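Trainee: Residue-level listing of the chains:
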Amino acid sequence: MNITLWILTVGLLIFSFIKSKEKTILAVRKAYSKFGKMLPLFLLVMAGFALIVTFISPELLQKYIGVESGIKGIAAALGLGSISVMPGFVVFPLCAALKIKGVPYYIIAALSLSLMNVGIVTFPIEKKYLGFSVAIIRNILAFLVCIITVFIIKIIFGE
Amino acid sequence: MKKGQLIYTIFFVLFIGFVGVSYLIDYGNGQKTGLVFISVLIELLKILPCAFVLIGLFEVWVKKETVMKHLGEKSGLKGYFGVLMLAGFSIGGLYVAFPLAEILHKKGASLKIIFAYLGFTGVCRIPMTIFEISFLGLPFTIVRLMVTIPLFLLIGILMGAILEKKNYELNELRF
Numbered sequence: 001m002n003i004t005l006w007i008l009t010v011g012l013l014i015f016s017f018i019k020s021k022e023k024t025i026l027a028v029r030k031a032y033s034k035f036g037k038m039l040p041l042f043l044l045v046m047a048g049f050a051l052i053v054t055f056i057s058p059e060l061l062q063k064y065i066g067v068e069s070g071i072k073g074i075a076a077a078l079g080l081g082s083i084s085v086m087p088g089f090v091v092f093p094l095c096a097a098l099k100i101k102g103v104p105y106y107i108i109a110a111l112s113l114s115l116m117n118v119g120i121v122t123f124p125i126e127k128k129y130l131g132f133s134v135a136i137i138r139n140i141l142a143f144l145v146c147i148i149t150v151f152i153i154k155i156i157f158g159e
Numbered sequence: 001m002k003k004g005q006l007i008y009t010i011f012f013v014l015f016i017g018f019v020g021v022s023y024l025i026d027y028g029n030g031q032k033t034g035l036v037f038i039s040v041l042i043e044l045l046k047i048l049p050c051a052f053v054l055i056g057l058f059e060v061w062v063k064k065e066t067v068m069k070h071l072g073e074k075s076g077l078k079g080y081f082g083v084l085m086l087a088g089f090s091i092g093g094l095y096v097a098f099p100l101a102e103i104l105h106k107k108g109a110s111l112k113i114i115f116a117y118l119g120f121t122g123v124c125r126i127p128m129t130i131f132e133i134s135f136l137g138l139p140f141t142i143v144r145l146m147v148t149i150p151l152f153l154l155i156g157i158l159m160g161a162i163l164e165k166k167n168y169e170l171n172e173l174r175f
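Here the protein sequences come in this chain order: X and L.
At position 110 of the first sequence the residue is numbered 110 (my numbering), and the sequence of numbers has no breaks.
At position 167 of the second sequence the residue is numbered 167 (my numbering), and the sequence of numbers has no breaks.
So that you can see chain L by itself, here it is in the shape it has in the complex:
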């Protein structure tokens, strides 16, 4: 077992211990923590298997040339618009965004577009946005989108451009 994995295991065992002891001594907040953990885990397990299978299918079937053409260096504005849509329909938040970004990177998408995508996933997921409109009203959401989207676009382009010069590589998750 590698060091990183060992640390995760220790922390996780501590967490389970904390919840377990909370149940033994009837400590309310500890019990609540356990319940929240289980419910969030169940919520994500409804989504994540599908998301990862879809990423797997994408990796196997979509050709490198296709990704390069649509999201590569020369794709221009169309590429950014493409990842804006992709982010809009994204599910599972960052847990899905990072593996997908890694595959896109491997298939030749430009770093500028990938970092724009990572920014967009935080601000324009469609289900989240609809939820926001219903609670905070359309004017608020429109202003928020009109400010955050250009800013994250700019950040994506800047970070991508700088990192491309440094021959930066996105990692596949390794432990």
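Next comes chain X alone, as it looks inside the complex:
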């Protein structure tokens, strides 16, 4: 996956360079400046991420989610999912583990959807691009989407 990406990028860079030296240099310069501007905030977000992964660990989530079902369970999963952030390769194995433990699909959906779509940790970056109020509204709406989806999944899978 990563290698394909690098091959693609280098290939396009070479192609671009053959077409126009000036434009290619400009593109790399723009890339570098965008990356540089994001870096301080990015490092900080990563730091927050590392703290959360350590202190709100998958084991901890597993301990708290699945104890309660129904509305309480949904609220707990949505809340923890919104606060925490995790990469996909951590989220889904965790969800599968919860499923094996007998946690219903709708609770799992509440957790995975809010982990993916509502970002309190990434909010600083979002705020920089969208502005404070639009970023807040976007996250609230994404949260609503999570809630609606959870209830539809509850109805469809009938648990």
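If you are wondering where the hints come from, they were derived from the structure by calculation, not from laboratory data.
One should not assume that every hint holds.
Using 30 Å as the maximum straight-line C-alpha spacing, the simulated DSSO-like pairs for lysine-lysine come out as follows [unchecked claim]:
#, chain 1, residue 1, chain 2, residue 2
1, L, Lys165, X, Lys23
2, X, Lys30, X, Lys19
3, L, Lys69, X, Lys30
4, X, Lys63, X, Lys99
5, L, Lys78, X, Lys127
6, L, Lys78, X, Lys37
7, L, Lys69, L, Lys46
8, L, Lys165, L, Lys69
9, X, Lys128, X, Lys154
10, L, Lys166, L, Lys106
11, X, Lys128, L, Lys166
12, L, Lys106, L, Lys64
13, X, Lys127, L, Lys64
14, X, Lys127, L, Lys63
15, L, Lys32, X, Lys30
16, L, Lys64, L, Lys107
17, X, Lys19, L, Lys46
18, L, Lys74, L, Lys63
19, X, Lys101, L, Lys32
20, L, Lys64, L, Lys166
21, L, Lys63, X, Lys21
According to the in silico footprint, chain L covers these stretches of chain X (three or more CB under 8 Å from chain L) [stated by the list, open to error]:
#, region
22, 96 to 106
23, 135 to 146
Keep in mind it's a predicted model, so treat the numbers as computed, not measured.
All residues carry an ideal CB built from backbone N, CA and C; glycine is no exception.
Since the structure of chain X is already known, use the hints to place chain L on it.
Mentor: Relative to the frame of chain X, chain L by itself:
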């Protein structure tokens, strides 16, 4: 140094201090935090340089007219389908989605389509979806996609329409 940057630096120094002290006094969770930080950083550094170079090339080579034609006000359903595909193949999550959204905005993509794109990136990235299917099964994923995609489409259209009326501008990252 601007105020914002100063605050980030202070927080980051505190974080490094926390990890450093954890190693000195052998505090397990602090050490783990440091390791997680390094490993996530390495994971993202494998992806982000490429993503930003690709965005740079996109900015330099793709004409404004092209973006306007395919993702502009008059692109219709095709535009939304286009960003759905774009989100499917997106890498690096929000760190890449926002800079890309900003460039698309600058090149004349409609705000409705941009906000739909930002919603889609959270729900239909292909590698993530395949991962989900293998762990939670196809029925779950299908239901999830069929509910979230229309909802994020609706949100994108609504937010875009309202913000267009307010002459909203997406910021380039500034400190």
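Trainee: Out of the numbered hints, which ones does the structure contradict?
Mentor: Per hint list: 1, 6, 7, 9, 15 violated.
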